[in-house]
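Residue numbers (my numbering), protein chains in the order written: chain E, 1 to 672; chain F, 1 to 379.
Derived from the structure by calculation, the hints contain no laboratory data. Do not rely on the hints blindly, as some may be mistaken.
Derived DSS-like pairs: lysine-lysine, alpha-carbon spacing no greater than 25 Å straight-line [as the list claims (entries may be wrong)]:
#1 E:182 to E:524
#2 E:455 to F:58
#3 F:15 to E:455
#4 E:454 to F:56
#5 E:484 to F:56
#6 F:106 to F:56
#7 E:454 to E:486
#8 F:56 to E:455
#9 E:316 to E:182
#10 F:14 to E:454
#11 F:15 to E:454
Label-pair restraints from in silico Cβ distances [what the hints assert, rightly or not]:
#12 F:32 to E:202: 40 to 48 Å
#13 F:32 to E:475: 44 to 52 Å
#14 F:373 to E:475: 37 to 45 Å
#15 E:275 to F:39: 57 to 65 Å
Short derived list, chain F residues pointing at chain E, Cβ under 8 Å [as the list claims (entries may be wrong)]:
#16 2
#17 3
#18 4
#19 7
#20 22
#21 23
#22 25
#23 26
#24 52
#25 53
Here a beta-carbon is modelled for each residue, glycine too, at the ideal position from N, C-alpha and C.
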Amino acid sequence: MTEKTNPKPEETKIGVYVCYCGGNISDVVDVEKVAEKMREHPNVTIARTDMSMCSDAGQSIVENDIKELGLNRVVIGACAPSLHEHTFRGTVARGGLNPYFFHHVGLREQDSWVHSNNPGGATEKAIRLMYAGIAKANLLKPLDMIKLKAERHALVIGGGVAGLRAAYDIAGRGINVTLIEKTPFLGGRMAQLETVFPTGNNAREDLHSLINEVRTHPLITIHTLSELVNIRGYIGNYDVQIRSQSRGVSGDNAEAALAACTQEVPDDFNYGLTKRKVVYRAYEGCFPSTPAVDWEHYDGKPIEIDGQKVIFENKKKTFDLRIGAIVIATGFQPYEPPRGDYGYDELPEVVTLPQFIRHMGLRDGNVGELTWKGHPVRDIAAIHCVGSRHLAGVHEPQPDGILNNYCSRVCCTATLHQVNELLDEYPNINVYDFYEDIRTYGLEHESYYTEASKKMVRFLRFHGDQRPEVVAAPEGDTHPVLVKGKDYLTNGLEVEVPVDLVILAVGMVPRPVDDLVDMMKIPKGDDRFLLEVHPKLRPVETPVPGIVLAGTAQSPMNIQESCNAASAAAAKVAVLLAAGQVELDPYVANVDLDKCEGTGACIEVCEYEDAIVLETMTVEGKEVQRAVVTPANCSGCGNCVSACPHHAIDVQGWEVAHYEAMVDAITMEVEI
Amino acid sequence: MSTRVDPSLLQEIKKYGEIHVEDCFNCGNCTAVCPLSNSNTPFPRNNIRMLQLGMKDKLLESIDPWLCYYCGECTITCPRQADPAEAQMTMRRWLTAQYDWTGLSKKLYTSTAWSIGALIIGALIVILLALGLHGPLVTNQVELNTFADVHMMHTADLILAALLGFFLLSNLFRMYLFTFPRGAQNPPPLSIFITEAWQLVLHMLTQKRFGECEDNKRWINHLILVFGYGTMFVLIVLFLSWFQTDELYPIYHPQRLIGYVAALAIIYGSGDALIGRITKKHQMHRYSQISDWLFPILLILLAISGLMISAFRVSGLPILTYYTYVGHLVVMMMLYICIGPMGKWAHLLYRPFAVYFQAVKEKAEEHNKAIAHAPAPVS
Numbered sequence: 001m002t003e004k005t006n007p008k009p010e011e012t013k014i015g016v017y018v019c020y021c022g023g024n025i026s027d028v029v030d031v032e033k034v035a036e037k038m039r040e041h042p043n044v045t046i047a048r049t050d051m052s053m054c055s056d057a058g059q060s061i062v063e064n065d066i067k068e069l070g071l072n073r074v075v076i077g078a079c080a081p082s083l084h085e086h087t088f089r090g091t092v093a094r095g096g097l098n099p100y101f102f103h104h105v106g107l108r109e110q111d112s113w114v115h116s117n118n119p120g121g122a123t124e125k126a127i128r129l130m131y132a133g134i135a136k137a138n139l140l141k142p143l144d145m146i147k148l149k150a151e152r153h154a155l156v157i158g159g160g161v162a163g164l165r166a167a168y169d170i171a172g173r174g175i176n177v178t179l180i181e182k183t184p185f186l187g188g189r190m191a192q193l194e195t196v197f198p199t200g201n202n203a204r205e206d207l208h209s210l211i212n213e214v215r216t217h218p219l220i221t222i223h224t225l226s227e228l229v230n231i232r233g234y235i236g237n238y239d240v241q242i243r244s245q246s247r248g249v250s251g252d253n254a255e256a257a258l259a260a261c262t263q264e265v266p267d268d269f270n271y272g273l274t275k276r277k278v279v280y281r282a283y284e285g286c287f288p289s290t291p292a293v294d295w296e297h298y299d300g301k302p303i304e305i306d307g308q309k310v311i312f313e314n315k316k317k318t319f320d321l322r323i324g325a326i327v328i329a330t331g332f333q334p335y336e337p338p339r340g341d342y343g344y345d346e347l348p349e350v351v352t353l354p355q356f357i358r359h360m361g362l363r364d365g366n367v368g369e370l371t372w373k374g375h376p377v378r379d380i381a382a383i384h385c386v387g388s389r390h391l392a393g394v395h396e397p398q399p400d401g402i403l404n405n406y407c408s409r410v411c412c413t414a415t416l417h418q419v420n421e422l423l424d425e426y427p428n429i430n431v432y433d434f435y436e437d438i439r440t441y442g443l444e445h446e447s448y449y450t451e452a453s454k455k456m457v458r459f460l461r462f463h464g465d466q467r468p469e470v471v472a473a474p475e476g477d478t479h480p481v482l483v484k485g486k487d488y489l490t491n492g493l494e495v496e497v498p499v500d501l502v503i504l505a506v507g508m509v510p511r512p513v514d515d516l517v518d519m520m521k522i523p524k525g526d527d528r529f530l531l532e533v534h535p536k537l538r539p540v541e542t543p544v545p546g547i548v549l550a551g552t553a554q555s556p557m558n559i560q561e562s563c564n565a566a567s568a569a570a571a572k573v574a575v576l577l578a579a580g581q582v583e584l585d586p587y588v589a590n591v592d593l594d595k596c597e598g599t600g601a602c603i604e605v606c607e608y609e610d611a612i613v614l615e616t617m618t619v620e621g622k623e624v625q626r627a628v629v630t631p632a633n634c635s636g637c638g639n640c641v642s643a644c645p646h647h648a649i650d651v652q653g654w655e656v657a658h659y660e661a662m663v664d665a666i667t668m669e670v671e672i
Numbered sequence: 001m002s003t004r005v006d007p008s009l010l011q012e013i014k015k016y017g018e019i020h021v022e023d024c025f026n027c028g029n030c031t032a033v034c035p036l037s038n039s040n041t042p043f044p045r046n047n048i049r050m051l052q053l054g055m056k057d058k059l060l061e062s063i064d065p066w067l068c069y070y071c072g073e074c075t076i077t078c079p080r081q082a083d084p085a086e087a088q089m090t091m092r093r094w095l096t097a098q099y100d101w102t103g104l105s106k107k108l109y110t111s112t113a114w115s116i117g118a119l120i121i122g123a124l125i126v127i128l129l130a131l132g133l134h135g136p137l138v139t140n141q142v143e144l145n146t147f148a149d150v151h152m153m154h155t156a157d158l159i160l161a162a163l164l165g166f167f168l169l170s171n172l173f174r175m176y177l178f179t180f181p182r183g184a185q186n187p188p189p190l191s192i193f194i195t196e197a198w199q200l201v202l203h204m205l206t207q208k209r210f211g212e213c214e215d216n217k218r219w220i221n222h223l224i225l226v227f228g229y230g231t232m233f234v235l236i237v238l239f240l241s242w243f244q245t246d247e248l249y250p251i252y253h254p255q256r257l258i259g260y261v262a263a264l265a266i267i268y269g270s271g272d273a274l275i276g277r278i279t280k281k282h283q284m285h286r287y288s289q290i291s292d293w294l295f296p297i298l299l300i301l302l303a304i305s306g307l308m309i310s311a312f313r314v315s316g317l318p319i320l321t322y323y324t325y326v327g328h329l330v331v332m333m334m335l336y337i338c339i340g341p342m343g344k345w346a347h348l349l350y351r352p353f354a355v356y357f358q359a360v361k362e363k364a365e366e367h368n369k370a371i372a373h374a375p376a377p378v379s
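The shape of chain E in the complex, shown without the other chains (with noise of 0.2 Å):
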């Protein structure tokens, strides 16, 4: 250690506290030895144990010590810093010191727990972090967390329920939302339903009654036909770009337009079950009541509206916005099974889950008997998790090679429920329900396989490596399927059901949103889901600031799951944006300008837009180029720092030299 780096004795007084963590450390380290061996090192002025650091005596400690002692920095040796070092911090302030004289060893995730069969080793490493950990603290320096103006707007990206859901609560709170939605109506995958878990109402009519209060809400502003195609900036202060699609019809010649029409294309609000015009509503009440021109499958030819040939022209146009925060609410799509698994798109009688709902509203009164494509339906078989759970070895993987290995979590309780409507419907229909496991997980949703268990739905259970098959019935048979199976509860007999229309609960994949992830650098989970930051403790927010996500864009939810979510989301931008500024933690890149010789290295290998560029400046009466960080954009990874040949580039709180004398620290010899 040089001179330089290495204060003298007497310039800090360090306050080592080492945690029992309730036994989760004290079981395998010698916690007393420990602290033993710190109160040895000539900067420690006091080294104590506690059961539980984090407590309010185990804090409180620090901070007398603090004002009694008068100690300058505190090192903690506890849990994960990703739990407590926040605590800690805020203990230190109150001591009345900078928060940033503080570092935070991780003994337990780091040592106690992956070294619980060696407790002497366990104990001499926990003494070497310890040491590092004192080395590092004597070169603290203090710092302060950088402070953001944060414009008061969010945008909203998503239109269906969880992206209502999150606008209408930040509106609530006073802030400025901007909704966007990529299709030219609101309500997204919800409107597509008829009843829904767990109250039985109507989707439809749930879904207008916050559409209505997010429509009539002063603060927000809606686009349809809008999508984000550009994204500067960092919390608080983004800049967006939006571009909108027009309708292409007006209120003037809407109605005539759509009469006039003649263009049908497969409707996919119905899940290609009917056809509609290419000038059309989503649906009868849908949200703008505007019809739109579907421009993906307009021809281009002229309609003849009130005598006039009219060719509609997509207007679009591009509008910059400045944002504080954005929810991303993109949703999911339902899982389109490859042709021929189950039958799929090779019989007729296989339908997913929601092409089955779809046909239910789509019904006119045909009550007594149900039919399908003209032929009554008797016995029905449903087979979950499909396009969920999926195994190595057995599954064909996606077209991008992913298995959806995870569990859809909706479609068990979605098809009893289902079920159980058809049931009350139509009580002589037989229903065979082929599952791996019944998932109805919930408050009270077990009522729904109960209610279906009465209802005498014939459950089969099945191996996910021995799935039941769906085959056409051989000529005369009574039903144009059959679904054969082992039935794992009859001792994997193979079973054979004839039924007129088999419902694939299909499971839930993102919406492709790659655009939006590029553009913002936010990441996705193996599964394309995107990710949160923690999923127990910070779990609606992205790794960037100011981005946070709401619904089934992040991982598969119920309505309620997505609306909870959506809450969630508007409530963490409420928090960002209220104060109308940020505070970011200070770990972010620091050029030493003496040093600076504007090389230009750091800017070709950092990752994150705008975090650090060159400027002109003069310097003893010359122009020159130095590096000049934006500490907003810079997420502290080093990057810059590494590359930098003349070491002009520090992480403030993480420096070189703090490595340094870590290491130096922890390679010492130790006598134990």
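Take the given structure of chain E and dock chain F to it, following the hints.
Just chain F now, with coordinates in the frame of chain E:
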């Protein structure tokens, strides 16, 4: 070879009893708690599953319901209140109807009108025969053998026994056919049927599996009832001329003593069942179909009327003796027509045969395994 499900089977079997197996989610607690089921016969779970899916052939082949003696432990343990024990009972009724080739069994089990009709027909047959064939009514002293000639009665009993035997054995043969379906791989060789025959005798005489139920008091009571009934049956069919005499023996004479003891055994055994059904104290007595009531009631009436004949005879009351005698025969005919070989009475063979058939099945399986593992013959 896959088995086709048949949703109508459950609706059909529901006619035979109070079952709600739709509540069952096949956890298997019932089978785990049952002291009688084992890995070869994992009832009730297994046959309830077949019932849910409507696997008629599998159920017909299964003799498991006969191996259950309805202690009710499974129903008490069932976490879904699916009442597996009553499902076994119901399946026994259904199986009885399936074994019966006349089709009468199904009518009697599923229709109260048919049951009452059968009772009336039984009574009418006896009354008409009595009117046509009875001898002179001697009124100054009891001369039962003059009223009903003992040789004629013995012949009638033998004819009745032959008829019962014919129907019962022919139904039993169908049980055999269902249990060992044609075309099955490697049917058990005859030698196993012979070497396992001792099981049949053992279980018919002792009903020892009944004793393996947790509460074996019911087994003792049933054993007493079977002893009484069997004794009377043998006496009347084989030794009527020794049993029905006009000469009055002292009370300690075996002819009277055996009769009294047997009658009291029948009254005790059936009375126990009847009280059980009235108080519904035990699981097995909660649901009673008409046949469940008729069996103990008719048995008690049979025993009481038998005792009354003796009492009137000893008291020297000729007309009452003759009328009661006819009444006794009426009850007997009602019993055999209504719950005889087409009804609950038939379990006296089905149960021991089920144990026997199961033993044969298991031996045959061992035998087949031994063959499969035997070294190839050196040629």
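| query | Checking against the hints above, which ones are violated? | reply | none
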